Amino acid sequence: MSFINYASREINCKIVYYGPGLCGKTTNLQHVYAKTAPEAKGKMISLATETERTLFFDFLPLALGEIRGFKTRFHLYTVPGQVFYDASRKLILKGVDGIVYVADSQEERMDANIESLDNLRHNLKEQGYDLDKLPYVVQYNKRDLPNAVPVEELRRELNPTNVPDFEACASTGEGVFETLKAVAKLILVDLKKGR
Amino acid sequence: MSNSQMVMYDEEFQEINVVIERLLKDSNSKVIFLVDKNGQLISGVGETERFDTTSLASLTAGNIAATGGLAKLIGEKEFSILFHEGEKDNLHISIVGGRVILVVLFDNRSSLGLVRLRVKKASEELSVIFEKLMKKSDEKVKSGTSFPFAEITDDDIDNLFS
Ligand SMILES: Nc1nc2c(ncn2[C@@H]2O[C@H](COP(=O)(O)OP(=O)(O)OP(=O)(O)O)[C@@H](O)[C@H]2O)c(=O)[nH]1
Ligand SMILES: [Mg+2]
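Taken in order, these protein sequences are the chains called A and B. FYI, the numbering for the first sequence is 0 to 194, going by numbering that gives the first Met the number 0. FYI, the numbering for the second sequence is 0 to 161, going by numbering that gives the first Met the number 0.
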């Protein structure tokens with residue numbers, strides 16, 4: 000849940016990038032980090048294995064600017080996508096304000112995509128959240144690869160509820176900011192309602 | 000309880016800072032942080048400028064979350080105190096009132112015994128303040144007190160990303 004601090008006039012929101020192993024979650028954050036002005040970002044922390052697979056989480060704090068006199072900060076986290084890190088994924092979902100589900104467009108990763116999405120719903124539910132009530136967007140990543148499944152098909156399988164979705168190539172940065180902006184916007188609109 | 004929105008007001012912020020300033024002095028420590036369990040920094044006193052406080056907050060919360068997971072696995076509720084001993088500096092991490100993390104960094108000018116003793120007293124005071132804070136924010140939500148984001152426009156949001 001967001002943290003509103005009237006004393007320091009700050010608002011903090013937590014965004015979690017979820018998706019199967021190697022779908023490009025960490026790459027999304029790396030691109031955001033690389034393209035954000037120094038004064039608007041903190042250090043990016045990656046708790047990773049020696050082979051650069053996420054072990055616990057990546058963390059990137061962004062301070063984007065002010066809304067109505069409140070400094071608006073977004074804390075971006077990725078989960079480890081590998082199936083056996085489920086306990087860690089659950090921990091990272093705690094206090095989430097918005098979710099980016101990153102799918103791997105490659106045909107051979109379709110099953111992994113579906114499994115990860117089920118896992119997301121299940122882990123949220125376990126903590127009393129409902130994915131359909133959270134600010135939530137979908138990203139179809141790795142559009143550059145020749146074995147990418149057509150978007151309509153991905154949409155049918157992975158976005159039945161028709162939330163905002165985006166095509167991306169995180170390694171070149173295409174679609175990365177569009178995705179982030181969309182979820183940030185949904186979170187702020189949610190805040191506006193005062194929940 | 001712990002799923003409600005975290006809000007901080009001036010009055011409680013001052014009260015909290017008085018308590019942790021005193022703890023800093025009484026325990027002879029170098030720096031003290033209060034962190035929300037979700038990894039957001041609430042306040043810090045002492046030599047805070049020497050540290051990347053945002054990273055520290057997120058890693059502390061990750062640490063507490065991971066050891067909390069371990070505790071559950073072995074049938075404990077949670078480990079309410081963690082202690083990390085370094086060559087020069089040590090970290091004493093404890094949970095206050097179930098949802099806030101108190102981090103005390105100290106060196107050999109203090110001792111674990113002293114820190115533990117002072118933290119205990121300060122925790123009780125902090126619990127009371129956070130309890131009050133939660134009640135207050137729940138009441139404000141219920142009474143529909145004007146919320147600063149009620150009037151944000153699409154333009155405000157778009158401007159953030161320009
Ligand atoms: N071709 C291509 N490769 C990509 C794209 N996005 C990421 N990659 C590559 O995919 C690999 C895995 O990316 P990561 O960002 O580490 O994946 P992850 O989702 O964080 O994986 P886990 O940490 O294991 O969950 C890396 O080699 C990236 O360079 C993309 O859009 N196109
Ligand atoms: Mg990763």
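Hints may be right or wrong, so weigh each one.
Unchecked claim - With the C-beta cut set under 8 Å, the calculated list includes, among others, these residues of chain A facing chain B:
(1) K13
(2) K34
(3) I44
(4) L130
Claimed, not checked - A few chain A residues facing chain B, derived, Cβ under 8 Å:
(5) F2
(6) T35
(7) A36
(8) K70
(9) V82
(10) A86
Unchecked claim - Simulated crosslink set (DSSO-like; lysine-lysine; CA at most 27 Å straight-line):
(11) K141/B / K120/B
(12) K76/B / K120/B
(13) K34/A / K184/A
(14) K120/B / K89/A
(15) K192/A / K131/B
(16) K70/A / K124/A
(17) K76/B / K139/B
(18) K24/B / K131/B
(19) K42/A / K134/B
(20) K34/A / K124/A
(21) K36/B / K40/A
(22) K119/B / K134/B
(23) K131/B / K70/A
(24) K131/B / K93/A
(25) K120/B / K191/A
(26) K120/B / K124/A
(27) K29/B / K93/A
(28) K134/B / K192/A
(29) K135/B / K70/A
(30) K71/B / K191/A
(31) K132/A / K24/B
(32) K89/A / K76/B
(33) K89/A / K71/B
(34) K93/A / K24/B
Hints listed in this document are in silico derivations from the structure and should not be mistaken for laboratory results. A quick note: this is a predicted structure, and the numbers were derived from the prediction, not measured. We put the CB at the ideal spot given by N, CA and C, even for glycine.
Open item on the list: Hinted pair, alpha-carbon criterion (27 Å max): K141/B, K120/B. Please report holds or violated.
Closed with: Roughly 33 Å between the alpha carbons, so the hint for K141/B and K120/B is violated.
Open item on the list: Given the hinted pair K89/A and K76/B, is their Cα-Cα distance within 27 Å?
Closed with: Holds, because 17 Å separates the two Cα atoms, which is no more than 27 Å.
Open item on the list: Tell me if the straight-line CA distance from K131/B to K93/A falls inside 27 Å.
Closed with: Distance of about 23 Å is within 27 Å: holds.
Open item on the list: Holds or violated: K135/B and K70/A, Cα atoms, limit 27 Å.
Closed with: It holds: about 22 Å lies between the C-alpha atoms, which stays within 27 Å.
Task: Straight-line alpha-carbon gap K70/A to K124/A, limit 27 Å - done: It is violated: about 31 Å lies between the C-alpha atoms, which goes past 27 Å.
Task: K71/B paired with K191/A [C-alpha distance capped at 27 Å] - done: Cα-Cα ~36 Å, so violated.
TODO: Have a go at the V82/A hint: is there a Cβ in chain B nearer than 8 Å to its own Cβ?
DONE: 17 Å, violated
- [ ] With a cut-off of 27 Å on the C-alpha distance, tell me whether K76/B and K120/B pass.
- [x] Cα-Cα ~22 Å, so holds.
Open item on the list: Restraint: L130/A near chain B, CB-CB cut 8 Å. Satisfied or not?
Closed with: Where the cut-off is 8 Å and the nearest Cβ of chain B is about 16 Å from L130/A, the hint is violated.
TODO: Would you check whether I44/A satisfies its interface hint, that is, whether its CB is within less than 8 Å of any CB in chain B?
DONE: 6 Å, holds
Open item on the list: Checking hints one by one. Is K13/A an interface residue toward chain B, by the C-beta closer than 8 Å rule?
Closed with: Hint holds; K13/A Cβ to chain B Cβ min 6 Å, cut 8 Å.
TODO: Given the hint that K132/A pairs with K24/B, test it: the Cα-Cα distance must not exceed 27 Å.
DONE: 46 Å, violated
Hints 2, 4, 6, 7, 8, 9, 11, 14, 16, 17, 19, 20, 25, 26, 27, 30, 31, 34 from the earlier list are contradicted by this structure; the remaining hints agree with it.
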